[in-house]
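S.K.: Listed below are the residues making up each chain.
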Amino acid sequence: MSHSFTLDGQETAFVPGQTIMEAAQAAGVYIPHLCHNPDYAPHGSCRVCLVGVGRRQVSACTTRVMEGMEVDNASESVQANRRAVLQMLFAEGNHICPACERSGNCQLQAVAYYTGMLAPHYPPFFPRRPVDASHPDFIIDFGRCILCELCVRASRDHDGKRVFAISGRGLASHLVIDSPSGLLGDSCFAAADRAAHVCPTGAILPKHKGFERPIGERLYDREPISKVGDLRAHEDEVD
Amino acid sequence: MGGPSVSEVQGFVTESLGLRGRAPEHLLQHLIAVQQRFGWVPPAAVEALSAALDVTRTQVRAAIAFYAFLHDRPRGDFDILFSDNITDRMLGNQRLLGLLAEQLGMGTDATRADGRVTLGLTSCTGMCDQGPALLVNGRAVTALTPQRIDRIADLVGQGVPLERWPGEYFRVEDNLRRRGLLLSNPVTDGAGLRKLVDLGVEPALADLERSGLRGRGGAGFTTALKWKFCREAPDGDRYVVCNADEGEPGTFKDRVLLTGYADLVIEGMTICAAVVGARRGFIYLRGEYAYLLPHLESVLARRRAEGLLGESILGKIGFDFEIAVHLGAGAYICGEETALIESLEGRRGVTRKRAPYPVIAGYKDRPTVVNNVETFLAAARVVQWGGYWFRGEGTDQSAGSKILSVSGDCARPGIYEYPFGTPVHRVLTDCGAERTQALQISGASGTTLTPADFDRIIAFEDLSTAGSFMIFDHSRDMFDMVQNFAAFFAHESCGFCTPCRVGGSLLHNLVEKVAAGQASEHDLGELRQIGGVMRLASYCGLGNTAPNHILNTLDKFPDIYQRRLRSAEYTPSFDLDGALAEARALAGRDDAAAHIADLSPEDQSETEEAAV
Amino acid sequence: MTDKPRVATTSLCGCFGCHMSLLDIDERILQLVQLVRFDRTPLTDIKTIGECDLGLIEGGVANAENVEVLREFRRHCKVLVAVGACAVNGGIPAMRNQFTLKECLEESYVGGVGVHNPGIPNDPEIPLLLNQVHPIHEVVKVDYFLPGCPPSADTLWTFLTELLAGQPIAFPYTQIHYD
Chain A
1 MSHSFTLDGQ ETAFVPGQTI MEAAQAAGVY IPHLCHNPDY APHGSCRVCL
51 VGVGRRQVSA CTTRVMEGME VDNASESVQA NRRAVLQMLF AEGNHICPAC
101 ERSGNCQLQA VAYYTGMLAP HYPPFFPRRP VDASHPDFII DFGRCILCEL
151 CVRASRDHDG KRVFAISGRG LASHLVIDSP SGLLGDSCFA AADRAAHVCP
201 TGAILPKHKG FERPIGERLY DREPISKVGD LRAHEDEVD
Chain B
1 MGGPSVSEVQ GFVTESLGLR GRAPEHLLQH LIAVQQRFGW VPPAAVEALS
51 AALDVTRTQV RAAIAFYAFL HDRPRGDFDI LFSDNITDRM LGNQRLLGLL
101 AEQLGMGTDA TRADGRVTLG LTSCTGMCDQ GPALLVNGRA VTALTPQRID
151 RIADLVGQGV PLERWPGEYF RVEDNLRRRG LLLSNPVTDG AGLRKLVDLG
201 VEPALADLER SGLRGRGGAG FTTALKWKFC REAPDGDRYV VCNADEGEPG
251 TFKDRVLLTG YADLVIEGMT ICAAVVGARR GFIYLRGEYA YLLPHLESVL
301 ARRRAEGLLG ESILGKIGFD FEIAVHLGAG AYICGEETAL IESLEGRRGV
351 TRKRAPYPVI AGYKDRPTVV NNVETFLAAA RVVQWGGYWF RGEGTDQSAG
401 SKILSVSGDC ARPGIYEYPF GTPVHRVLTD CGAERTQALQ ISGASGTTLT
451 PADFDRIIAF EDLSTAGSFM IFDHSRDMFD MVQNFAAFFA HESCGFCTPC
501 RVGGSLLHNL VEKVAAGQAS EHDLGELRQI GGVMRLASYC GLGNTAPNHI
551 LNTLDKFPDI YQRRLRSAEY TPSFDLDGAL AEARALAGRD DAAAHIADLS
601 PEDQSETEEA AV
Chain C
1 MTDKPRVATT SLCGCFGCHM SLLDIDERIL QLVQLVRFDR TPLTDIKTIG
51 ECDLGLIEGG VANAENVEVL REFRRHCKVL VAVGACAVNG GIPAMRNQFT
101 LKECLEESYV GGVGVHNPGI PNDPEIPLLL NQVHPIHEVV KVDYFLPGCP
151 PSADTLWTFL TELLAGQPIA FPYTQIHYD
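Residue numbers (my numbering), protein chains in the order written: chain A, 1 to 239; chain B, 1 to 612; chain C, 1 to 179.
One chain only, chain A, in its complex shape (with noise of 0.2 Å):
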């Protein structure tokens, strides 16, 4: 018997026990994401990929689909929410993004032009966090980070090393590298690590081949990620 649940008014199949973001994949119907990587288990913090189920809304990478369930993926209001969590991260970190080797190949920045966000809206808080220069190969620029935690999941769940964890709370909350200095260039970090390769966004960025695609050339640059796909996909052009 074939299962299905109504995605933004189109009867969808889906296999039991999947989530409403891979049976929306299996459709082929995006749904804006920065924490959810299928390598990894679903982890639900971001909440870009806010859907309307019924007066609710649920992030759909954690969601499971039910049967007849009805799910909202396009509407102006679940649009807005998704801008507004789009222009909170915005507002937390430091985004420069003309000052950004990632810029055009940002997952980040490319769902936020998905959802239409021309401002981040808030008062920036400028947060002041060192860059981490010191690995040979990899350097970290902490106001970047979204805390999405695919590198904590990647180093600790693909490559058996834990260098990354979250440390404090609330707006305090930061990315932390396990080394006895805390550098990066002092951890067993490499760069054939899945975690070195997992960042959405500019925080986590390989040395010496920034501009190596001129802005303008790049991943997003010319073509909505809704259709690009994920920095997954695209691995070998972005690193």
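Just so you know, these hints were derived from the structure itself, not from any lab.
Even glycine gets a Cβ: it sits at the ideal position worked out from N, Cα and C.
Treat each hint with caution, since some may be false.
[Said to hold, decoys possible] Beta-carbon label-pair distances, calculated as ranges:
{"#": "1", "chain 1": "B", "residue 1": "THR108", "chain 2": "C", "residue 2": "GLU125", "range": "37 to 45 Å"}
{"#": "2", "chain 1": "A", "residue 1": "GLY54", "chain 2": "B", "residue 2": "GLU306", "range": "32 to 40 Å"}
{"#": "3", "chain 1": "A", "residue 1": "ARG56", "chain 2": "B", "residue 2": "GLN437", "range": "30 to 38 Å"}
[Unchecked claim] 20 Å max Cα-Cα, derived EDC-like pairs, lysine to aspartate or glutamate:
{"#": "4", "chain 1": "C", "residue 1": "LYS102", "chain 2": "B", "residue 2": "ASP590"}
{"#": "5", "chain 1": "C", "residue 1": "LYS102", "chain 2": "B", "residue 2": "ASP473"}
{"#": "6", "chain 1": "B", "residue 1": "LYS556", "chain 2": "B", "residue 2": "ASP473"}
{"#": "7", "chain 1": "A", "residue 1": "LYS209", "chain 2": "A", "residue 2": "ASP137"}
{"#": "8", "chain 1": "B", "residue 1": "LYS353", "chain 2": "A", "residue 2": "ASP137"}
Let chain A serve as the given structure and place chains B and C on it in line with the hints.
M.R.: Frame of chain A; chains B and C shown alone:
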């Protein structure tokens, strides 16, 4: 400050490891012990625990940074934290803190240069009926007065150890004002447990179903159903957890229940263990109630001796259940059941993804029942006296009684137990509240009520509450409450999800802007917009409910905002002239051009017109 | 002629790159001057602002003078637009927010490489710096935001023509970027 030597710290950690265990989930309990012993967690302890428990030093440091009562820097010999709930403020805690700081010759949020004493604020410590209160090295001091503060200043000044402070300072009253279905009889001789052992688990579960008992923590999930889900989960270990992290501002009934009714609570847990097939349980006790630990340990020990806990309970082979008390360390979020479980496992108390719910995958990913203190107490009586006994009180959807923590402006603050269905005005009359302007029900995350709501009833179908009942009379400025709660939620957000982490701080900043008389009508729209996003988009209940107090008061008490607003349509988000202060100091200038007028000339004239 | 909408522009803490991008509309500038009349703007070198329909602000708010000019624009312009990354979120100049003002000034005027006659300037003619650089919406109400460093000539053209035509403003995907 000399500080402890590395070998001293290592020695203590070794001792603690022997006492508490070497598994990663013991991390938090070790850290609390180290903090208690040294007044901070020295780097040597981080290294030693990281090595012994197979957790990275980063995870250890992350836990220290998460919990408000753990510190990676030395605190004063006397670490004094004033409880800062709105009810403490209404009783003058700020003035008393100022007084103490003055007498000790220091700031109100600082460690004195000689390392003798640290002063600061902390979230509600659950002493609202006998505030203002403070914690000194984790011990609660209640009923503060200027005289008591004078004396404390002397004791600190002379370096008198806490054991030699006057005992009455640490006295915590029960203030049991109205006993109903559950509180009228504290006696237990293990009768519920005996009945369970005699008749078997099925009749007990049937009684629980019949009783209609729903969780007392606020959400109101049917208890029998929760236990059944856990019972029916696939084979293997199961756990029973008593949520005694009573962190909701204005709630303190669990403290009283654990003081006078601990036997019944533990009996409820033991019955639950029999029903679901658990062999281990935890009481997660909030750090603020650490003084209850010896009492709870002694009740547990006595019950073991009486055969009511431990192996072969009441002689029944195979009925084994052991309970450990775990302490929290200052994190409101740990009252949320999945965050509590994370904390039990020794980590930062960050909420987990649901589903799976804890009844399927809880502690160590095993089926776990997490219930409120009051729920276990009620369950013990239901099994003892039957479902119909319980059902006989309350409303159709809300069986039994509710225990309320009443505080604020009333003659008799304390614990009141009422049948569900009792109207709010009845409680207000009984506790001697007069000229009541507002009532905050169910804590900072709850609902703000005005006299128009006082006919409403306490019940899941109307005013669902975990029991916090804070009363504000007409002398109060309700904006003080808003300011207090906004700071509370910004401080207590775990930081996991974007809307709560960022939105909570945005709201706090806007509320402070209103308080400073710098906000405009535009900012009220922002409060509503951000609050709306948090309500819909946050990951857990903390974020969903954190904006309630603002959204409620914007509707019900618009004047507390309006009278603080600028007439200008839009005002800057920061203090423009203040932002030049650093440059003025560096350039040594103070001429007219070195300042920015508060408002632009046009806004100024608007204000003047408005004033005319 | 007199009822043509009046447009003013200025650059606060910016690099004039957004103004250059406006000039990059090339020959369309002839169409633009048919549509609008320029008031205060570096393009005309008019120094004082009159009552305007539209104000375009490039750059963030970094000093006391920026605040004064921005407020003046807000008072005189019916519609105010944040043009470019710096006006929208502080942009490159806001990278100095990673440091204290003291650190910035000491690097520039006291201890930095090649400094002669070290000393932090104190001439009253020089506007004092704010301790941080801010986007303009932190100081005044902003009606539209055009991101980009700079926004492309086409972005500016789309915006101006659609706004002046009274149409809802819709940009093609390629015209909105933050870099």
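S.K.: Against each hint, give a clear statement of whether it holds in the structure.
M.R.: Status of the hints after comparison with the structure:
1. THR108/B <-> GLU125/C: 37 to 45 Å: Since THR108/B and GLU125/C have Cβ atoms about 42 Å apart, the given range 37 to 45 Å holds.
2. GLY54/A <-> GLU306/B: 32 to 40 Å: Given a distance of about 51 Å, which is not inside 32 to 40 Å, the answer is violated.
3. ARG56/A <-> GLN437/B: 30 to 38 Å: Check passed, 33 Å falls within 30 to 38 Å.
4. LYS102/C <-> ASP590/B: Within the cut-off at roughly 17 Å; holds.
5. LYS102/C <-> ASP473/B: Outside the cut-off at roughly 49 Å; violated.
6. LYS556/B <-> ASP473/B: Distance ~15 Å between LYS556/B and ASP473/B Cα, so the pair holds.
7. LYS209/A <-> ASP137/A: holds (10 Å)
8. LYS353/B <-> ASP137/A: Measuring from Cα to Cα gives roughly 34 Å; hence the hint is violated.
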